[in-house]
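Residues 1 to 359 in the working numbering are what the sequence shown spells out, letter by letter.
One thing to keep in mind: the hints can contain errors.
Claimed, not checked - The calculated lysine-lysine pairs, modelled on PhoX-like cross-linking and capped at a C-alpha distance of 25 Å, are:
1. Lys29 - Lys251
2. Lys352 - Lys251
3. Lys265 - Lys225
4. Lys139 - Lys154
Rather than coming from a laboratory, the hints here were simulated on the basis of the structure.
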Amino acid sequence: MADALKGANGADQAAVDNTMLELDGTEYKSKLGANAILGVSMAVARAAAIAQGQSLYRYLGGEDAHLLPVPCFNVLNGGAHADNSVDFQEFMIAPVGAATFSDAMQMGADAYHALKSVLKQKGYSTGVGDEGGFAPNLKANVEAIELILEGIEKAGLRAGEDMAIALDPATSELYQEDGTYLFYKSDQSRKSSEEMIDLWEGWVNQYPIVSIEDGLGEKDWEGWKLITKRLGDRIQLVGDDAFVTNPKIIKQAIADGVGNSTLIKVNQIGSVSETLAAIRDSFAGGYTCMVSHRSGETPDDFIADLVVATGTGQIKSGAPCRGERLAKYNQLLRIEAELGSKASYAGANAFKRKQTITR
Numbered sequence: 001m002a003d004a005l006k007g008a009n010g011a012d013q014a015a016v017d018n019t020m021l022e023l024d025g026t027e028y029k030s031k032l033g034a035n036a037i038l039g040v041s042m043a044v045a046r047a048a049a050i051a052q053g054q055s056l057y058r059y060l061g062g063e064d065a066h067l068l069p070v071p072c073f074n075v076l077n078g079g080a081h082a083d084n085s086v087d088f089q090e091f092m093i094a095p096v097g098a099a100t101f102s103d104a105m106q107m108g109a110d111a112y113h114a115l116k117s118v119l120k121q122k123g124y125s126t127g128v129g130d131e132g133g134f135a136p137n138l139k140a141n142v143e144a145i146e147l148i149l150e151g152i153e154k155a156g157l158r159a160g161e162d163m164a165i166a167l168d169p170a171t172s173e174l175y176q177e178d179g180t181y182l183f184y185k186s187d188q189s190r191k192s193s194e195e196m197i198d199l200w201e202g203w204v205n206q207y208p209i210v211s212i213e214d215g216l217g218e219k220d221w222e223g224w225k226l227i228t229k230r231l232g233d234r235i236q237l238v239g240d241d242a243f244v245t246n247p248k249i250i251k252q253a254i255a256d257g258v259g260n261s262t263l264i265k266v267n268q269i270g271s272v273s274e275t276l277a278a279i280r281d282s283f284a285g286g287y288t289c290m291v292s293h294r295s296g297e298t299p300d301d302f303i304a305d306l307v308v309a310t311g312t313g314q315i316k317s318g319a320p321c322r323g324e325r326l327a328k329y330n331q332l333l334r335i336e337a338e339l340g341s342k343a344s345y346a347g348a349n350a351f352k353r354k355q356t357i358t359r
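All chains, please: the whole structure from these sequences, using the hints.
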């Protein structure tokens, strides 16, 4: 890659990335590797921003970049992320009622520590998982939401107004070859696609849930169509495993009426240019986007600048805990301070608005 890129114009991100993609020559970057391509791609973007004397978010997003995202904090873990009895992977809180990003961070931290107090009072473990969320053994999956609501109230916040709930159950982990979903960590029960949708609809009716990511498995495309018809006009339905930040798959999802939101992971697709294309294609189809960290993370804060640059209005980077998670939130606080009076906060509209292409 070094030989191929020597002398290239670092300010032409698309040309740099295309050179590496052509050098690799495979559909899934199996020759050079997505990690190697992405590392170079991100480094070039940072270098170009520095060369032009700009912050990374300004370089990537232009003069209009000013929107700070709603931070979705993963405060209670289950599934493959935890050695406990909870089948679903992530239970998140989203401070939709905050006035600013810094206020959102304060609200999230308050609710997180209040949840710890609730868990301790009930005799539950308060050890944290790889994304900083608590991972207690619970009596039922739904108890996770009940505990979070207690924590929100204990923090002096209003559920549904100040703080909403977002879920990433990661149901691809539960999906079986016969098309059912096995609750392998709790009661060993099985549910069909329609029964899973019934479960989510019941939760949406009862709790202040604004977003569900991977509510059905990546192979359950027909189930995705059905859940979109049932719930797509009420909440955000985010595709992660199903879309893998791939513009080709995102376009197919839009055409098929599958989901209404895309999870954006730069290392899922493997270059900055392709990541930006995935966001543009999502916006063009009226989909929202949530920029995301990965479970195995580093202190790199590139995605903090990316979320402001693209104006997606949503980010998830774990709980307000652990240095590699806080690195992203701290960078967003710095960006907010740099923007000053020009900064705005996405709030509840981040989960409701139809997106349009801005650049």
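Which numbered hints fail:
none
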